[in-house]
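Student: So you can see what is in the structure, the chains are spelled out below.
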Amino acid sequence: MKPRVAVFSFTGCEGCSLAILECENELLGVLNLVDIVRWREAMSETTEDIDIALVDGSISTHAGVKRIKKIREMSKLVIAIGACAHTGGLNAMKNKYGMGEVKEVVYGPDGAEFDTIPARPVSAVVPVEFALPGCPIDREEFLRAIKELCMGKMPKLPNYPVCVECKRKENVCVFFKGQFCMGPVIRAGCGAICPSFGEGCEGCRGFIDNPNKNAHQEVLAEFGLTAQEVMNHFSMFNSYKESEV
Amino acid sequence: MTLRAIDYQAVLALIQSLMQEAKVVAPHQREGERQWSFEEVTEPANVCLEYTSTVLPPKKYAFPTQERFLRYELGESPKAEPIIEAEPLVLFGVHTCDIYALNCLDIAMTDEHVDPNWVARRKQMRIVGVDCLPDEYCFCASMGTATVHEGYDLFLTPVDGGYVVEVATEAGEEMLTNIPTKEATSAQVAQVKAHLNKKMQQEHKLDCDVSTLPLHFSGVADSELWEQHAERCYSCGTCNLVCPTCICYDVLEQLNLALDGGERVRVWDSCMLEEFATVATGENFREERSQRLRHRFFRKYSYLFTRYGQPYCCGCGRCVRQCLVHIDPVPILNDVIAESQKGATVRGA
Amino acid sequence: MALNVSTLKAEPNLYTPEMAALTEVVPQTELETLFKFELQSGNPLGHEPGQFVQVSCLGIGEAPISVSSMPCPEPTFDLCVRNVGNVTAALHNMTAGDAVGIRGPFGHGFPIDALKGKDLLFVAGGIGLVPVRSLIQMVLANRDEYAAVTILYGFKTPGEMLFRDEIAQWQEREDVDLRLTVDKPHSDWDGHVGVITTLFPELEIQPDRTKAIVVGPPIMYRFVLQECKLKGIGDDDIILSLERRMRCGVGKCGHCQINNKYVCQDGPVFTYNDIKFMWEAI
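These protein sequence lines are chains D, S and W, in that order.
Under the numbering used here, the first residue of the first sequence is numbered 57, with each subsequent residue one higher.
Under the numbering used here, the first residue of the second sequence is numbered 2, with each subsequent residue one higher.
Under the numbering used here, the first residue of the third sequence is numbered 4, with each subsequent residue one higher.
There's no promise every hint is true.
If you anchor each label on the Cβ, the simulated ranges turn out as follows [to be verified]:
#: 1; chain 1: W; residue 1: 77; chain 2: S; residue 2: 332; range: 55 to 63 Å
#: 2; chain 1: D; residue 1: 77; chain 2: S; residue 2: 259; range: 17 to 25 Å
#: 3; chain 1: D; residue 1: 129; chain 2: W; residue 2: 174; range: 46 to 54 Å
#: 4; chain 1: D; residue 1: 279; chain 2: S; residue 2: 137; range: 17 to 25 Å
#: 5; chain 1: W; residue 1: 188; chain 2: D; residue 2: 98; range: 55 to 63 Å
Result set (DSSO-like, lysine-lysine): computed pairs, CA atoms no more than 30 Å apart in a straight line [stated by the list, open to error]:
#: 6; chain 1: W; residue 1: 12; chain 2: S; residue 2: 80
#: 7; chain 1: W; residue 1: 187; chain 2: W; residue 2: 234
#: 8; chain 1: D; residue 1: 212; chain 2: S; residue 2: 124
#: 9; chain 1: W; residue 1: 12; chain 2: S; residue 2: 24
#: 10; chain 1: S; residue 1: 124; chain 2: W; residue 2: 12
#: 11; chain 1: S; residue 1: 80; chain 2: W; residue 2: 39
#: 12; chain 1: W; residue 1: 12; chain 2: W; residue 2: 121
Honestly, the hints are just simulated from the structure, not real lab data.
Note that beta-carbon positions come from the ideal geometry of N, C-alpha and C, so glycine has one too.
Work the whole structure out from these sequences, hints included.
Tutor: Written out as structure tokens, the structure is:
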């Protein structure tokens with residue numbers, strides 16, 4: 057019996073579910089392993105009998121809270137995919153403002169009736185078995201996770217920083233090229249894709265378990281960032297705080 | 002050992018002739034200042050023989066950053082077979098520190114059990130060394146690796162008008178067939194000696210003779226110095242991953258999409274990473290960064306030194322050159338030496 | 004002096020597992036299961052008690068597991084496995100006829116010759132009994148080569164007791180002094196209660212002719228070692244087995260290093276004397 061997989065989207069650009077469709081060469085192989093049974097972006101059928109729910113987007117509305125709880129009830133495994141679902145992502149940047157203020161800024165005077173609450177990762181609302189990080193998710197990592205789940209193995213994220221993958225690729229450290237990078241404190245698994253293309257890591261995959269944040273603040277400052285810029289680097293993808301919701 | 006003189010054009014001709022029969026890899030300039038890496042030569046003139054240090058050591062050609070070593074089929078009767086991939090290779094322009102490191106790893110990789118993939122690649126490898134002038138991070142003079150006596154076929158030292166080439170092996174002799182060389186003059190040989198003398202003048206140095214290093218480690222396990230130095234450490238593994246004498250690796254499964262077979266690969270690992278010593282039950286035998294930093298130093302300058310009779314550090318300085326928080330083995334080793342001498346004084350008093 | 008690699012004989016199959024068929028699954032506890040295997044080559048595994056093998060579930064991974072049966076001329080052997088990681092979970096999903104890959108045996112086992120003629124004190128905590136069982140089987144099969152045999156075995160709850168049928172047989176033997184204990188009182192248990200060290204005061208030990216074989220979780224060692232020393236057993240006469248993360252099993256990958264020892268090569272069996280100055284050992 058092939059696992060029955062459904063894909064759900066919440067607040068976000070849905071780029072992560074799109075990233076699945078972009079596994080063009082492998083998509084047929086994936087469909088040999090799993091049955092896709094529900095996916096707004098790719099099909100019209102629907103069902104409530106789900107083995108694996110892949111969820112992208114953060115939870116940022118009351119309606120979203122209700123819907124994710126329902127999804128949790130009908131799914132054996134819930135897997136958060138992408139930064140928004142994994143850490144709250146960019147969406148959580150709004151959390152440090154009042155929701156009234158946020159609605160005012162975005163929608164003007166008519167905003168009051170919109171349903172919005174501080175954005176939170178899926179795991180802050182319902183238990184999640186696993187999360188695939190990244191903005192967007194990494195194709196290789198997604199395919200590996202699917203293969204492992206089909207083999208009965210729970211996927212595991214690396215608990216080491218992006219620097220490891222950068223070094224294995226023999227990238228010249230972007231700091232030495234005058235750029236700034238969150239790589240030393242951010243979870244690897246993306247193949248150090250941004251530094252490999254000459255851009256500093258922005259932290260979309262979230263922190264490793266025990267990042268040395270103090271050391272990194274000092275390094276960013278040493279290479280010329282102001283305190284505010286250092287904060288911005290730390291908070292871009294990782295600003296979600298339980299205390300703010 | 003014979004010494005010949007070879008001019009720059011003849012060096013280019015040598016690279017060109019080697020490219021006819023094997024893959025030749027050599028240092029190339031990277032984007033950014035003072036960054037080089039070993040890459041396959043496509044145009045001899047692009048080879049950069051005057052360089053300080055490459056990001057990764059040439060070890061990557063004997064022990065790739067990611068190497069598949071087992072192929073398997075699943076299904077009714079699963080089976081597995083080794084993958085051993087090797088090809089004729091010339092490492093051109095290798096510094097003494099990196100040659101020393103490859104010699105070190107020959108010992109570790111063949112001790113008790115002979116690693117088949119390492120040996121297959123090393124057997125097909127020829128090495129042309131080149132001498133260098135150290136930068137502020139190098140400490141090869143202290144480590145005794147500013148010169149090496151084996152582990153290369155040819156060795157080039159820059160002199161006026163080109164290089165003096167030491168022909169160390171028969172394979173080296175063969176490489177020079179058809180390449181114009183001359184008898185090295187006594188003035189050129191004197192320049193080789195002068196070059197070495199200059200190379201040995203390093204400010205970045207140990208406060209003891211390298212042969213006594215393991216002795217200094219005997220009483221410093223509980224020292225506060227490990228926590229002090231680990232305070233700013235990311236535990237990111239960079240120091241290990243750029244190290245020419247590190248061989249720790251992790252093993253990963255790469256299943257094919259049909260789930261009917263796959264490959265097993267090994268990838269460079271690092272004892273500085275948090276989960277390096279974690280077992281399946283979750284117990285981590287080196288939970289603290291300071292414990293991992295201590296292990297890294299003990300392994301290089303005490304455990305493997307004692308086990309194999311030579312330090313597992315070649316003084317290349319890559320670890321500190323690449324470290325964003327400037328964790329430098331030299332001051333740490335000097336702290337170890339100072340601490341052990343302090344202890345000795347107290348005990349002797 | 005550098006090695007001349009061109010003269011070295013590589014071991015082409017150093018990392019290639021040999022296939023073995025799962026012949027029988029014997030449930031033990033909620034978490035642990037005993038698996039019986041037969042090598043497809045038809046050759047015996049050729050292990051010593053205390054050695055381990057690298058078990059491959061191809062596609063899932065490889066894990067080091069102690070052999071828990073005594074050496075035998077047949078191609079069969081037992082592994083008793085706790086379901087804690089990916090590989091062990093995959094093993095628990097297997098049924099008779101399925102195949103695994105085996106590399107090894109690796110490492111140094113128990114020093115059999117040094118045990119001969121001695122009083123043996125086995126101290127096993129929890130799944131520490133797994134490697135020890137191999138040695139106990141061998142000792143009991145050659146009982147007249149050893150003097151007194153005492154086995155202490157402790158577990159947290161009665162449900163965690165391994166090898167029940169076999170232990171019942173040991174219990175019947177007059178030439179074995181077997182003492183079991185559970186950590187805390189339990190409704191299913193009317194035997195001795197208390198951690199394993201509480202069995203020590205009543206033991207009569209002749210320290211000059213006793214070898215203690217101690218295997219258990221890391222926490223157990225510190226306390227049991229203290230009891231052994233109180234009984235006057237010498238550091239060289241206390242033998243233990245250590246567990247570490249392993250990848251290669253042959254002293255290359257670096258994961259199992261404890262100070263200057265590789266558990267996979269120099270161990271997993273050590274004397275207390277070997278490791279007492281190694282701050283990473285216990």
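Student: Against each hint, give a clear statement of whether it holds in the structure.
Tutor: Status of the hints after comparison with the structure:
1. W:77 to S:332: 55 to 63 Å: Once the Cβ atoms are compared, 60 Å apart, the range 55 to 63 Å for residue 332 of chain S and residue 77 of chain W holds.
2. D:77 to S:259: 17 to 25 Å: holds (20 Å)
3. D:129 to W:174: 46 to 54 Å: For residue 174 of chain W against residue 129 of chain D, whose Cβ atoms are near 50 Å apart, the range 46 to 54 Å holds.
4. D:279 to S:137: 17 to 25 Å: Taking Cβ atoms as reference, residue 279 of chain D and residue 137 of chain S lie about 19 Å apart, which means the hint holds.
5. W:188 to D:98: 55 to 63 Å: At 59 Å between Cβs, range holds.
6. W:12 to S:80: holds (24 Å)
7. W:187 to W:234: holds (25 Å)
8. D:212 to S:124: violated (37 Å)
9. W:12 to S:24: holds (25 Å)
10. S:124 to W:12: Holds, at about 11 Å.
11. S:80 to W:39: With Cα atoms ~20 Å apart, residue 80 of chain S and residue 39 of chain W stay inside 30 Å; holds.
12. W:12 to W:121: Not satisfied, since the Cα-Cα distance of roughly 41 Å exceeds 30 Å.
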